[in-house]
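Chemist: Chains as they are written, first to last, in the working numbering: chain E, 22 to 286; chain P, -9 to 296; chain S, 42 to 327.
Accuracy of the hints is not assured; some may be wrong.
[Said to hold, decoys possible] Cut-off 27 Å, straight-line C-alpha distance, at most; resulting in silico cross-link-like pairs (DSS-like, lysine-lysine):
| no. | chain 1 | residue 1 | chain 2 | residue 2 |
| --- | --- | --- | --- | --- |
| 1 | E | 200 | S | 309 |
| 2 | E | 200 | S | 120 |
| 3 | P | 295 | E | 165 |
| 4 | E | 258 | P | 295 |
| 5 | S | 309 | P | 252 |
| 6 | E | 219 | S | 180 |
| 7 | E | 261 | S | 180 |
| 8 | P | 242 | P | 295 |
In case anyone wonders, no lab produced these hints; they're calculated from the structure.
Given next are the chains, with one letter for each unit.
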Amino acid sequence: MNGMTIGQYYPVNSRIHRLDPRVKLVAAFIYITMLFLVKNFWGYLFAAFFVSLTIYASKVPIIYMLRGLKNIIFIITFMLVMNIFFTKGERVLFSIWKISVTMEGLILSARMAVRLILLVVGTSILTLTTSPIQLTDGIEYLLKPFKRFGVPAHEIAMMMSIALRFIPTLVEELDKIMKAQKARGADFDTGGLIRKAKSLIPLLVPLFISAFRRADELAMAMEARCYRGDYNRTRMKEMKLYPYDYRFMAVVGAFCIAVIGSRFV
Amino acid sequence: MKICSGNILFRKKLTEIGDKMNMIKSLKLSFEYTQYNEEKESKEHLLALKDIDLSVEKGEFIAILGTNGSGKSTLAKHINALLTPVRGTLWVKGYDTNMEENIWEVRKTAGMVFQNPDNQIIATVVEEDVAFGPENLGVEPKEIRKRVNESLEAVGMSEYLNHQPHLLSGGQKQRIAIAGVLAMKPDCIVLDEPTAMLDPQGRKEVIDTVIRLNREEDMTVVLITHYMEEAIQAHRVVVMEDGAIIMDGEPKSIFSNVERMKEIGLDVPQVTEISHELRKNGLNIPGDILSTEEMVETLCQLKSKT
Amino acid sequence: MSIEIKNLSYIYNKGTAFEQTAIHDINISIQKGEFIGLIGHTGSGKSTLIQHLNALLKPSTGHILLDGEDINADSSKLKRIRQRVGLVFQYPEHQLFEMTVYKDVAFGPENMGLSKEETDKRVKAALENVGVDESVHEKSPFELSGGQKRRVAIAGVLAMEPEVLVLDEPAAGLDPRGRDEVLGLIKSMHSNLGITVILVSHSMEDVSRLVNRVIVMHQGRIAMDGALNEVFSRVEEIEALGLRAPSISYLMKGLNERGFGLPQDIYKVEDAVDCLLKVFQPGVCK
Chain E
22 MNGMTIGQYY PVNSRIHRLD PRVKLVAAFI YITMLFLVKN FWGYLFAAFF VSLTIYASKV
82 PIIYMLRGLK NIIFIITFML VMNIFFTKGE RVLFSIWKIS VTMEGLILSA RMAVRLILLV
142 VGTSILTLTT SPIQLTDGIE YLLKPFKRFG VPAHEIAMMM SIALRFIPTL VEELDKIMKA
202 QKARGADFDT GGLIRKAKSL IPLLVPLFIS AFRRADELAM AMEARCYRGD YNRTRMKEMK
262 LYPYDYRFMA VVGAFCIAVI GSRFV
Chain P
-9 MKICSGNILF RKKLTEIGDK MNMIKSLKLS FEYTQYNEEK ESKEHLLALK DIDLSVEKGE
51 FIAILGTNGS GKSTLAKHIN ALLTPVRGTL WVKGYDTNME ENIWEVRKTA GMVFQNPDNQ
111 IIATVVEEDV AFGPENLGVE PKEIRKRVNE SLEAVGMSEY LNHQPHLLSG GQKQRIAIAG
171 VLAMKPDCIV LDEPTAMLDP QGRKEVIDTV IRLNREEDMT VVLITHYMEE AIQAHRVVVM
231 EDGAIIMDGE PKSIFSNVER MKEIGLDVPQ VTEISHELRK NGLNIPGDIL STEEMVETLC
291 QLKSKT
Chain S
42 MSIEIKNLSY IYNKGTAFEQ TAIHDINISI QKGEFIGLIG HTGSGKSTLI QHLNALLKPS
102 TGHILLDGED INADSSKLKR IRQRVGLVFQ YPEHQLFEMT VYKDVAFGPE NMGLSKEETD
162 KRVKAALENV GVDESVHEKS PFELSGGQKR RVAIAGVLAM EPEVLVLDEP AAGLDPRGRD
222 EVLGLIKSMH SNLGITVILV SHSMEDVSRL VNRVIVMHQG RIAMDGALNE VFSRVEEIEA
282 LGLRAPSISY LMKGLNERGF GLPQDIYKVE DAVDCLLKVF QPGVCK
């Protein structure tokens, strides 16, 4: 189960790792927004340049970025095919039956593919360089202003970090349950959609029950360690902004200007 | 703790603060829970603890033995104020657990480690999990850092500071859990069957850690267990059955009651059983031998006499 | 019924950076009716080995023959293999999922495609064999105590009427009474139902009460394989593997080092008592 890039933190000491999680979250948000503002080749170039720079600075081996892409390769291919063959345009390259491949289609699908790839790689950098607890701390801080509107910032952050922590544990448990049911003759591979869905019950029921039991025990353990919500809580790793955070924000700013500027080229 | 008392006034003062002298003290502690039948109609009040009188002194290592259903876990949860008595009182370092305002102080003083290693770990990185306790207590960040390092050192897991807990073995996870409790600087640790889900290697790691904490750091330890090889290492063994304490004494005197222990459904060390049987058959040896070495010595001495 | 394991090896994550050989070159021969204890540390490969017996894992190299036939030769026969070789995992109560005890135990036979009557027969027999009373059949398995749940889970595998029953640490997490009950159950299943039993355990002492053959695994290989009392008397060898022999073996060894000259292959309390009484009360009739 090492192939999952979700919540898969790659611990290494790099400039990007040391950045404040809040800065990285906001930067990721801005980056994604910018991706949708890109209009032409120059914009994509600036985005690719920015991403490559960040990957290099993060010291995370490229293979981890590519892992994230592996998961969406089906979507990309599907999109490419759809757009190549079904976009109406003027500059027809060739036709098969009534389906024509146009230049516009080719360009459009290339654009969408590049955008998607840049999006996934960019967000992968975020999760690879920020530990789940840092992420949830960052989210909690950024949500704090919304507390007055009733948003339970701390609770949301706590729920997220616990969920992230238990993903590998529950996956392991699912594997065990599957093996145990297989040993009793369960078959998860054959049959139509309905049959396969039914065969999930002997997997999901025990998993849910186990998850509830874990939640109960975890809550007790948290209380035993004096957890009482956000009352007077301090953090060992305080979030403080340092000069390098400001420098990074300047780089992000420059990136924004470049992308917006490219729209006028 | 020996108290040298002189005059009556001094003695009176001692009885007043007597509860503060003990780390843990309970008086007629009772706990019951209600069980509803299927139609949610009739209630059954099941007495989980009956009139428990227990006192534990600072620096003591006591083992609480009992089969499932004996009430030992329920008692453990009272020490940490996860449960409060329905009748009677429990004081931890003088704090009455019945009073709501004392709860957090009690939980800080008597830290608790649970049975399932996985379901106590909250964070994805070891050091962050150990920091959870002090963070909840509002400890200053630099101090938390210091405590995390010290606690991991105390359980021998310093090199795992940045590791992901879910990749560790059961014994290692439990040591992290103990570190997490130590980081709150408690006076007492309560461990509720901490080794039940571990392999022999893991069990050894955890118990060795606990014994060291008791001997070197003067940590009061309450170990709930059903493994007698763990209980024989304690200063004192308390045996529970059906919610009541039925035996309380040193390991030797408890385990030599071979028939009674077996009746309850507990184990005695094989050596103890052998010495008991041999004695029953007329051999002149003590019936409370706990270790193989002691047995070998005793039999050798006996042989040289005949 | 016979099982032949020939040159079995298994490598996890073959061809990746995480490649790890879990078991090397395992050769074991199992005959009908044997009661085998499989002992080893966590990481010795015991879990990997037993998952090969019912084809949950496929060998990287080597073969497993059930009555002379390779169990992995025909993937359509997997269900039949899993019926003949029943595997009970650790903490089997975690796999319970049905609304009633009866239905959960029936899961195995139903998967085998048996008729309602045959299923009913088997479910009732299995539950009786594990000592679960009829009054409990219609209850939800989640209402039961830990020990009862475990017995229901074992019944779930028994209901398939396997010829071989493999149990991974069946006493894990139970108190002494619970442990004695489960082990006693397994012992009677072996003698009453005539099935071959393989018991995986960490505890030499638990195993010493039941089995007649002991296989010790270490770092993915077979380190020792022989009759119970023969293996347990090799105390130094066991220690060298990082395991503990039963306490009584240590006692015998200690006494023999001091010149007592006692048989080394004693591991039961009664036998030790008898033997020592003979030494100190030679004249007394026993």
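Chemist: Check whether the Cα positions of residue 258/E and residue 295/P lie no farther apart than 27 Å.
Modeler: violated, 69 Å
Chemist: Would the pair residue 242/P and residue 295/P pass a check requiring their Cα atoms to be no farther apart than 27 Å?
Modeler: holds, 25 Å
Chemist: Would you mind confirming whether the straight-line C-alpha gap from residue 200/E to residue 120/S stays at or under 27 Å?
Modeler: Answer holds: residue 200/E to residue 120/S is near 13 Å, not above 27 Å.
Chemist: Hint check: residue 219/E vs residue 180/S, CA-CA at most 27 Å. Holds or violated?
Modeler: holds, 22 Å
Chemist: Below or equal to 27 Å on CA atoms is what counts here, so check residue 261/E against residue 180/S.
Modeler: Not OK: residue 261/E and residue 180/S at ~57 Å, beyond 27 Å, violated.
Chemist: For the pair supplied as a hint, residue 295/P and residue 165/E, confirm whether the alpha-carbon distance does not exceed 27 Å.
Modeler: Violated, at about 82 Å.
Chemist: With the threshold set at 27 Å, check whether the alpha-carbon distance from residue 309/S to residue 252/P stays at or below it.
Modeler: Given pair residue 309/S, residue 252/P holds - Cα atoms ~16 Å apart, limit 27 Å.
Chemist: Is the hinted pair residue 200/E and residue 309/S satisfied, with a Cα-Cα distance of at most 27 Å?
Modeler: violated, 36 Å
Hint compliance for this structure: hints 1, 3, 4, 7 are not met, and every other hint is.
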